[in-house]
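Keeping their order, the protein sequence lines are chains A and B. Using our numbering, the first residue of the first sequence is number 1, and each one after it goes up by one. Using our numbering, the first residue of the second sequence is number 1001, and each one after it goes up by one.
Mixed in with the good hints there might be a few duds.
Capping the alpha-carbon separation at 27 Å, the derived lysine-lysine pairs in BS3-like fashion look like this [stated by the list, open to error]:
1) A:K459 - B:K1022
2) A:K452 - B:K1060
3) A:K443 - B:K1022
4) A:K302 - A:K277
Source of the hints: derived by calculation from the structure; they are not laboratory data.
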Amino acid sequence: MPSTSIKHISLSKLNEEIHKRVMRIPSFWVVAEISSIKLDRKGNAYLDLVETNQQQLRIAQARATIWQKEFAVIHHEFQETTGRSLSEGLKILFHATVRFHAQYGLSLSIDDIHASFTLGEIHKEKAWVIQQLKEKGEYPLNKQKVLTEVPQRIAVISSKEAQGYYDFMSQIEHSGFHFDCQLFAAEVQGKHAGQALRKQLIGVWKAMQEGETFDAVVMIRGGGSKTDLSAFDELMVAQAVARFPIPVLSGIGHTNDLSVVDEVSFQNCDTPTGVAKFLIDRALQFQTTIEHLFESILVQSKNLLTTEKQNTKQLPNKIRALTDLFTNKEANQLHQLRYRLDQQAHHFIVNETAWLVHSKQMLSNTTQLTAKSRVDLAFLIKQVQSSTKQTLQQGGFETNKLKASLKSQLQIQSTLLTAEQRRLADISRDIRKNIVQITLQEKQTLSFFQQKLQYLDPKHLLKKGFVMVEQDGKIIKSSDDIVIGKEITSIFADGKVSSKVIKKT
Amino acid sequence: MEELSYAQAKAKLQVILDQLEKGNVEIDELSTKIEEATRLYHLCQSKLQQAEQQVENALKGLDEDNQAEK
Chain A
1 MPSTSIKHIS
11 LSKLNEEIHK
21 RVMRIPSFWV
31 VAEISSIKLD
41 RKGNAYLDLV
51 ETNQQQLRIA
61 QARATIWQKE
71 FAVIHHEFQE
81 TTGRSLSEGL
91 KILFHATVRF
101 HAQYGLSLSI
111 DDIHASFTLG
121 EIHKEKAWVI
131 QQLKEKGEYP
141 LNKQKVLTEV
151 PQRIAVISSK
161 EAQGYYDFMS
171 QIEHSGFHFD
181 CQLFAAEVQG
191 KHAGQALRKQ
201 LIGVWKAMQE
211 GETFDAVVMI
221 RGGGSKTDLS
231 AFDELMVAQA
241 VARFPIPVLS
251 GIGHTNDLSV
261 VDEVSFQNCD
271 TPTGVAKFLI
281 DRALQFQTTI
291 EHLFESILVQ
301 SKNLLTTEKQ
311 NTKQLPNKIR
321 ALTDLFTNKE
331 ANQLHQLRYR
341 LDQQAHHFIV
351 NETAWLVHSK
361 QMLSNTTQLT
371 AKSRVDLAFL
381 IKQVQSSTKQ
391 TLQQGGFETN
401 KLKASLKSQL
411 QIQSTLLTAE
421 QRRLADISRD
431 IRKNIVQITL
441 QEKQTLSFFQ
451 QKLQYLDPKH
461 LLKKGFVMVE
471 QDGKIIKSSD
481 DIVIGKEITS
491 IFADGKVSSK
501 VIKKT
Chain B
1001 MEELSYAQAK
1011 AKLQVILDQL
1021 EKGNVEIDEL
1031 STKIEEATRL
1041 YHLCQSKLQQ
1051 AEQQVENALK
1061 GLDEDNQAEK
């Protein structure tokens, strides 16, 4: 290789110079984002750190190392404070010293990380996501869904091997209730967890489109480590949960972790077992309600039966009492009718008897009179005959005088007879007159009855075009008595027509 | 069954007419009641005519006696 006159140093010499100068650079607190992090077998952590501008373009980058003896302490404290592992995408505030290695070049040696800074950054990020959801009106959407009283068809989004999934299924299977759970397996940790969760939510939605029915989606994250909940704070995941068409029940991490998904889900149950308990409690509550209703029905049925038994026991007495009341009333009425009838009959008999006695007396008087007249006349005739004979025997004296006397007597008797005959004729006429009056009165009464009967006979009215309506064997006199939906029978003069009542107008 | 007297028949007729007027009769009984009322009416009418005839006959006998007296 040809030598040159230009003054120069070797690369190793340069690196040595750089090393010397770098060693003079003091340590700094630096803010950067973790681009990648790897651990070697010894427990040393190797990080790539970047800084991006507002357009997300990288404007700086550096390698860094956290040696095993610092990493254990730093990482534990970081997890305790932030609930997360040191992982890609986290912005950290770290204390570093610049190192230069002749072979590996420039790097940073991290000896401390300010975890509270990262926590603040995480909170800022979550707050931003929540603000986005609220601004778009998506934040309350899933909470507004309606959950069935007993959700039994469940789509579960979880890692299949996760302890949380095992805990959830164990609780469900030992609950004594039937749940139909279908797993939509998704990695819930790591860089692509957010995408995986969103993909499985879409998978549930597609299954529903193809005819599957789910009452709810359960989104759970395996228990154990408190870290790596970041996927549940991602905007796209939270958005998918908020907008999901059926209720999403979340059980992510531990009870003191509240992810954005927890905030927007229909119900935050804190943990996988919390979700199982929520579902079982709802089933239990429903069962308890049903049991109470059943017991209530039993009690009411028993009460009803007891009441009915008592009523049935009392029924014969009631019937007896009512029958007695009815028969007594009827007997009383009959007695009254009988009394009235007796009174009327007695009155009638007394009147009729009196009239007959009177008539008989009249007739008797008349007969006696006529008999007496006949006797008198016969006696007179005999006297006349005797006198005539005697006179004739005596020589025919005073013949003319006797004749005149006889004539006079005959005229008197004749007048008396005529008077008696008139009286008899008058009596006969009076009797006839009374009889005619009585019969006329009775005829009028009967005629009135006949008219009444004709008027009351429905056939008479039916012939005129009126219709009689019957329901359940009873004549309907008012539309109020008609029961809607039942059959009525319209009775015409020449037949019957059955029809059903639809409405009253 | 013993035949009813005029008064009994009339009373029964009156009762049935009252029932019909007040509407206390069931549809099944209606035609029976009307028939019975009609029968009672005819019975009353017949008895009245019979009584009228008997009285007339009696009076006629009385008249004949009177005529005979003349």
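Going down the list of hints, with the structure as the test:
1. A:K459 - B:K1022: Holds. K459 of chain A to K1022 of chain B sits at ~17 Å (cutoff 27 Å).
2. A:K452 - B:K1060: 35 Å, violated
3. A:K443 - B:K1022: 24 Å, holds
4. A:K302 - A:K277: Answer violated: K302 of chain A to K277 of chain A is near 36 Å, above 27 Å.
Hint compliance for this structure: hints 2, 4 are broken, all remaining hints hold.
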